[in-house]
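Taken in order, these protein sequences are the chains called A and B. If you're matching positions, the first sequence starts at 162 in this note's numbering and goes up one per residue. If you're matching positions, the second sequence starts at 34 in this note's numbering and goes up one per residue.
Some hints here could point you the wrong way.
Derived DEER-like restraints, expressed as beta-carbon distance ranges [unchecked claim]:
no.: 1; chain 1: B; residue 1: Arg-105; chain 2: A; residue 2: Gly-256; range: 47 to 55 Å
no.: 2; chain 1: B; residue 1: Arg-105; chain 2: A; residue 2: Phe-167; range: 46 to 54 Å
no.: 3; chain 1: B; residue 1: Leu-314; chain 2: A; residue 2: Gly-256; range: 55 to 63 Å
no.: 4; chain 1: B; residue 1: Leu-119; chain 2: A; residue 2: Phe-345; range: 49 to 57 Å
no.: 5; chain 1: B; residue 1: Gln-113; chain 2: A; residue 2: Arg-295; range: 35 to 43 Å
no.: 6; chain 1: A; residue 1: Leu-311; chain 2: B; residue 2: Pro-321; range: 55 to 63 Å
no.: 7; chain 1: A; residue 1: Val-373; chain 2: B; residue 2: Gln-113; range: 33 to 41 Å
Bear in mind the hints are in silico, worked out from the structure with no lab data behind them. Predicted, not measured: the structure shown is a model, and the values here were computed from it. Every residue, glycine too, gets a C-beta built ideally from N, C-alpha and C.
Spelled out from the first residue to the last, the chains are:
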Amino acid sequence: MAKNKFAMGGFWVIVVMFSLCFILAWYCKDPNQVNLTNKFAPSSAEHWFGTDALGRDLFARILYGGQVSILVGLIATAVSVAIGIVYGSISGFAGGRTDAVMMRIVDTLLAIPFLVLVIVLQATLSDWSGDATRWIVENFKWDKEFTGRLTNIVPLFFALGLLGWLTLSRIVRAQVMSIKEREFVEAAVALGYSKARILFRHVIPNVLGPTVVYSTLTVPGFIMYEAILSFLGLGVESPNSSWGVLIKEGANFLETEVQLLLLPGLFFSLTLFSLNFLGDGLRDALDVKAAKD
Amino acid sequence: MLVLFALYTITFFLAKAMPGEPFTSEKNISAETKANIRKLYGLDKPIWEQYLAYPKNIITEGSFGISTSKGRPVLDIIKQSFPNSLILGLCALGFAIGIGVPIGIFSAVRKNSWIDWACMTVAMVGICIPSFTIGPLLQIYVAAHIPGLKVAGWGNLEDILLPSFTLGLVSAAYLARLTRGGILEVLSQDFVRTARAKGVSPVQVILKHTLRGGLLPAVAYLGPAFAALISGSFIVETIFQVPGMGQHFVNAATTRDEFLLLGLSLFFGFLIVVMNLLADLLTGLLDPRVRHKGGTN
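From just these sequences and the hints, can you work out the full model?
Now the structure itself:
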């Protein structure tokens with residue numbers, strides 16, 4: 162791993178990006194501070210990247226937007242890993258007809274364009290979450306603004322996570338099938354343990370490593386889909402921001418203020434680039450035998 | 034068929050689960066009018082009846098329902114926008130193959146040289162830079178400076194150029210990587226060494242002996258590539274204002290237009306199935322091993 166320069170480079174870029182978005186952002190200006198007298202300001206000591214159409218500090222907005230983008234990537238991955246592991250291991254462990262049916266379902270879903278499903282699911286979930294928010298604010302007296310902000314981010318976690326587990330479940334299944342044949346499982350069977358116990362205590366822990374490694378490759382995918390949805394106006398909405406939102410806003414003022422598009426785009430692409438290299442490197446280093454499709 | 038059915042079921046129940054009614058935006062209509070409209074669209078029947086009625090109408094009347102936001106039959110909308118999307122998609126596919134495959138071959142032949150390294154880095158960059166960044170940049174730096182190219186719009190032949198290039202770029206990057214991998218694998222096989230030993234020229238080795246096998250992964254990718262093109266078309270059609278299906282789909286999702294959403298999803302599903310079939314057939318054509326295994330699915 163340490164020998165792979167690209168993967169290590171990717172790793173360090175990610176570390177920097179994380180600390181920028183999650184640590185430095187707290188010491189930044191308020192990303193939603195509107196100042197109409199100072200819009201489209203060029204970069205200066207006060208505003209490193211200048212300001213946008215409403216006079217908001219672009220640097221702060223990029224960092225805060227990064228929080229949302231990265232969180233969507235990570236949480237959606239967590240959701241899909243959870244589903245993928247359960248589904249894939251049941252399928253692989255059960256074998257036979259159950260396995261065949263379960264894998265047919267995965268094949269079928271895989272044949273449908275991901276974005277089509279995500280858009281439909283996202284539309285439905287965001288309506289639900291609007292209702293849920295109202296309910297929470299009324300019954301639990303949560304801060305209205307804070308809950309309101311979650312309203313349009315949380316559905317994204319699930320819209321992506323609930324559909325992103327398909328390839329993962331195949332990889333888990335393949336792993337489970339090979340582990341199933343190993344001696345220690347045979348020993349567990351001989352000891353008379355129940356199937357559920359063998360699956361959850363003996364098989365799944367051994368599958369976890371390779372699966373997590375592979376899932377690093379799905380993070381950039383989710384970040385990309387978040388940006389696509391936000392760009393189309395179906396994902397994150399203001400006052401929240403994400404890299405997709407910033408790119409979308411930047412595209413409106415392209416003719417005069419290219420940096421509003423370029424800078425968020427640069428942060429976005431750099432992160433994706435590094436995550437891809439890191440994921441590839443990890444996979445090669447740990448030799449995860451995965452279907453590379 | 035199974036794919037289409039699954040797609041229909043999922044989309045249908047998700048569309049039904051949306052609490053927003055298609056007509057909630059028009060607030061000034063009386064309850065009576067509302068009931069009449071609901072009746073007209075068949076929304077007053079129980080859910081399972083609606084669920085069965087939709088496929089029945091497709092088969093018996095060839096009708097995909099009526100778009101609730103546009104007031105026009107969905108089939109009309111598809112008929113009108115599909116040619117635009119098809120042209121865009123085919124040109125994009127052309128760009129993807131025309132750029133991706135040669136780059137892939139080139140970097141496979143010069144494996145581990147700086148050319149290979151540069152090509153693969155460019156391909157990686159192509160995958161990571163989203164089309165919604167490249168698209169606007171092309172608009173401002175290319176379209177605005179070259180006379181004859183419009184920043185956005187649809188109608189003339191040259192209008193296709195930029196959108197399809199933007200759309201094809203990501204697939205081109207994937208194709209380049211796949212082609213490189215495929216060709217490298219074939220190059221390491223014995224029959225290539227034999228051919229070389231026979232004194233076949235390096236160009237001939239690539240063209241006659243390697244290409245056919247080496248392109249297999251790329252051909253197998255055509256199905257997924259087409260799905261990627263559909264997803265990409267949502268964005269590219271929005272950026273360049275192409276009156277295609279992608280734009281309608283996005284609008285249908287924002288306006289909760291369930292019939293349009295259903296009809297378009299099914300149509301996309303249908304296209305994917307057809308493309309996958311074509312890719313399978315092409316694979317069989319190129320690879321005798323697949324053909325002799327007996328029937329493809």
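Do the hints match the structure? See the list:
1. B:Arg-105 / A:Gly-256: 47 to 55 Å: This hint holds: roughly 51 Å between Cβ atoms.
2. B:Arg-105 / A:Phe-167: 46 to 54 Å: Because 52 Å falls inside the window, the suggested range holds.
3. B:Leu-314 / A:Gly-256: 55 to 63 Å: violated (32 Å)
4. B:Leu-119 / A:Phe-345: 49 to 57 Å: Given range 49 to 57 Å: holds, Cβ gap about 55 Å.
5. B:Gln-113 / A:Arg-295: 35 to 43 Å: holds (39 Å)
6. A:Leu-311 / B:Pro-321: 55 to 63 Å: The hinted range 55 to 63 Å holds for Leu-311 of chain A and Pro-321 of chain B, with Cβ atoms some 57 Å apart.
7. A:Val-373 / B:Gln-113: 33 to 41 Å: Check failed, 47 Å falls outside 33 to 41 Å.
In this structure, the hints that do not hold are numbers 3, 7, in rising order.
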